[in-house]
Amino acid sequence: MGEKLLMKGNEAIGEAAIHAGCRYYFGYPITPQSELTAYMAKRLLKIEGAAFIQAESEIAAINMVYGASAAGGRVMTSSSSPGISLKQEGISYIACAELPCVVINMMRGGPGLGSIQPAQGDYFQATKGGGHGDYHLIVLAPSSVQELVDLTMKAFDLADQYRNPAMILGDGLLGQMMEPVEFKKQENIQVPSKEDWELGSCEGRKPRKIVPFNLDPYELEKIVNKIGKKYEKMQKEVDYELVNMDNPELVIVAYGTVGRVAKTTIQKAKEEGINIGLIRPITLYPFPYKIINKIADHVKNMLVSEMSLGQMIEDVRLAVNGKAKVSFYGRTGGVVISPVELLEAAKKLLK
Amino acid sequence: MKDLIIIYAGSSGSGKTELAINQSMKYLQKEKQVFIVDLDVVNPYFRSREKREELKKIGIQVIAPPGKFAMADLPLISPEIKGLMQKSNRVLIVDVGGDEIGAKSLSSFYPVLKDIDHQMSMVVNPYRPFTRNSQQIRTMIQEIELSSRLKISNIISNPNLGSETNLSIIKNGHGIVKKVSEEIHLPISYLAIEESVYQKMGDFHFDEPIFIIKRYMKLPWDAGQEVK
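The listed protein sequences correspond, in order, to chains A and B.
First residue of the first sequence? That's 122 in my numbering, and the numbers climb one at a time after it.
First residue of the second sequence? That's 5 in my numbering, and the numbers climb one at a time after it.
Possibly wrong hints are sitting among the right ones.
Short derived list, chain A residues pointing at chain B, Cβ under 7 Å [claimed, not checked]:
{"#": "1", "residue": "Leu126"}
{"#": "2", "residue": "Leu127"}
{"#": "3", "residue": "Val447"}
Since the hints were derived computationally from the structure, they do not count as laboratory data.
Model, not experiment: these values are computed from the prediction.
The beta-carbon is built from N, C-alpha and C at its ideal position, and this holds for glycine as well.
Using the sequences and the hints, build the whole thing.
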């Protein structure tokens, strides 16, 4: 490869998944991510041994993911906010059964049926569980089409490594916009073999089962504790981007689309002689608490900006732990924050 | 006054909307009545209807579903379109949705268009994933003709990699488009080049006429975006 293409975010995720060895996709179309479902249909149907199913519903799709993953396949599903809500029970089952898979959420305005414009209102749902019970997803938040590609590939490896579902938390804008991309070979994370747990053929060995329950509370507690240990280990996967951190007057904390907007804000601020920095979390779970806490030692003014009423801000406050002033600027409903209004919000705080 | 109907079809993301807006502005210099018909029932974002207010100010009317229906992902087609096609003394620029699926909405106008002079352009960007070589482009042309029930009369070459476009990207991509043009005997009416790329091109010469375009469908972090 190495050849560049001009791709929509949604198409790029699809191609990245195929490059990562994903051969099974089950989904149900929903705006603004339907191009991904369409792309998987077009591509997977031409690959021998691969399977694409447009399921009868999101609930059916996520349970097909459970089955394909239990059989040892690299599998993906995708949707947008309301559809992701429908998948939550299945995601919780997959987490309990310790099955790897990748779930894509290209967020749109909510709550409810909401709007079809881009938003970031599903942060709580993605990072704090979403479904029932004690579990977390690995959550990655890209902010360009190239990053959608790179993080989608990484998500498959992380999911296999931890035997845990991984989510790409994007939004409609990232899904619909076009940018040049290339499909580089990822540095190989050592992905453990699935031989000792996958179902497949049981010829020559004892039958296995993969179930998302144990009726004996002491046994279920063992399972939950084992899953808990995985989340402790996962903390080392923390990833973030720092921009302009040479003694800034104020630091913006933003992910995804807003992280991208903030970079223009920083440029505009520079033109006016204002020095603004950016912390852009790339992993939302695990969250970069440590680096934000460290930065709060010398930057006393932090502005969290999200396309929501303020969700990630709770994690930023936990990270800062009272060491700096944490403020918020957000838009909801599907309104994308502009660089100018974010700069105005920053200027107000610096007055 | 001209009675023109220009239809832009092509793969999704090939540049139809940008070309439709740029061409409508060019026609507005000579013609009084210029309309853009937003026939895109496939894309939820980046459709010409998003520029409806800005274009109205300079005298170009965008025909798209009214009010908040414009923001819906519903396959709505305005009843005005048929009337406008039959009207004279106007330039009608039709911005069709991508691929053969997008072109399907055109087929409902076949009974009207078959008796009216029109031209259907195939916009090609060989850096898009499903139109990368002459084989794929020919397939796309066939599929669009089948689903729209209309014949493509010419090709518009629009080779670009967005912000990473340069002269060698254009040369390589345009080469692929030229090959298709020769193979299936469809003329290339022009090569579209974005203005900032054109300025850096030096005196390189292309055989085809060049149409310099400006980008109107911008991203929130691009320069010149206003607060709403």
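### Status of the hint placing Leu127 of chain A at chain B (closest C-beta pair under 7 Å)
Given a least distance of 4 Å, the restraint on Leu127 of chain A holds.
### Message
So, as I understand it, the hint says Val447 of chain A touches chain B; can you test that by seeing if any CB pair is closer than 7 Å?
### Response
This interface hint is violated because 23 Å lies over the 7 Å limit.
### Query
Under the criterion of a CB-CB separation shorter than 7 Å, is Leu126 of chain A in contact with chain B as hinted?
holds, 6 Å
Of the hints listed earlier, the one the structure fails to meet is number 3.
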